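Given only the sequences and the hints, what does the whole structure look like? Please build it.
Heads up, the final residue of the sequence shown is numbered 274 in full-length UniProt numbering, and it's a clean run with no missing numbers.
For the record, the hints were derived by calculation from the structure and aren't laboratory data.
Predicted model, so just to flag it, every value in this text is computed and none were measured.
Any given hint could be a false lead.
[Claimed, not checked] Simulated pairs of lysine-lysine, BS3-like, Cα-Cα distance not exceeding 30 angstroms:
id	residue 1	residue 2
1	LYS110	LYS67
2	LYS67	LYS7
3	LYS110	LYS7
4	LYS229	LYS185
5	LYS27	LYS7
6	LYS240	LYS142
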Amino acid sequence: MINTNLKFCRRELALTQAQMADKLGIKRSLVGAYEEGRAEPRLATLVNMARLFGITLDQLVTTDFSKKKNTKIIGSLPAPDPNAPDTDDNPEPPTPAGGKLRVLAFTVDKDQNENIELVPQKAAAGYLNGYADREYLEVLPKFRLPMLSQTGTYRAFEIAGDSMLPIASGTVIVGRYVEEWTSIKDGTPCVVVSSRDGIVFKRVFNKLRSNAMLVLHSDNPNFSPYDVKADDVLEIWEAKSYISSTFPIAELSLERVASLVLDLQQQVALLRKA
Numbered sequence: 001m002i003n004t005n006l007k008f009c010r011r012e013l014a015l016t017q018a019q020m021a022d023k024l025g026i027k028r029s030l031v032g033a034y035e036e037g038r039a040e041p042r043l044a045t046l047v048n049m050a051r052l053f054g055i056t057l058d059q060l061v062t063t064d065f066s067k068k069k070n071t072k073i074i075g076s077l078p079a080p081d082p083n084a085p086d087t088d089d090n091p092e093p094p095t096p097a098g099g100k101l102r103v104l105a106f107t108v109d110k111d112q113n114e115n116i117e118l119v120p121q122k123a124a125a126g127y128l129n130g131y132a133d134r135e136y137l138e139v140l141p142k143f144r145l146p147m148l149s150q151t152g153t154y155r156a157f158e159i160a161g162d163s164m165l166p167i168a169s170g171t172v173i174v175g176r177y178v179e180e181w182t183s184i185k186d187g188t189p190c191v192v193v194s195s196r197d198g199i200v201f202k203r204v205f206n207k208l209r210s211n212a213m214l215v216l217h218s219d220n221p222n223f224s225p226y227d228v229k230a231d232d233v234l235e236i237w238e239a240k241s242y243i244s245s246t247f248p249i250a251e252l253s254l255e256r257v258a259s260l261v262l263d264l265q266q267q268v269a270l271l272r273k274a
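Right, here's the structure in full:
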């Protein structure tokens, strides 16, 4: 199982064995031996691999990702420390913000088109454990929006609270999966899934390169911005559309009200002269 997962990840990332070895900080011959099943990684190496792949040790050992058709491996591995000794159980260097391997699961319809899975509010807690499990996604409601770009993977989240008014609680935000977090531009509205805060809809300000964190802002000024460490973030979905049963109500200023009253008065005066 380990050998097939290593080979699957390497091919998904279009890496040679030598490049994979450089990313992991081990000898190329070890990568070949692991993939061919001629050698078994030590426990410390397995733990480091699981951390780098963004999966659990149990998934690395027991789940054959090559047989999961609707699964993508996203991201890139960090470069090894050039001053570290060349050994297969050398601790790996820290993963750069947004650069760890992540498992993206999705579902398809009968024509092999990707669905948009809907995560309702009542499923928010379960999504934190099942977001990378296609079998979990299969039980979620699904739909398609033809007007969206056909490139990318989309997911829909029912948001709660009034921190992003005028977008009301209960609105469904449709987001496109963000593969490279460091590319997010400041102020981009996103659904951020994190182990600390769950599923939130905020405007993201990107501090990954400088401080390995995101700063999340609300549109409602009554809510203060707050930081989220990159290590706590599981997924980011850039908002591309929203679905709401609540129609927005235009705000009328005193000047606008006065103008409307004046218009009505003029229309009444014209009717009296007719």
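For each hint given before, does the structure comply? Return the numbers of the non-compliant ones in rising order. none
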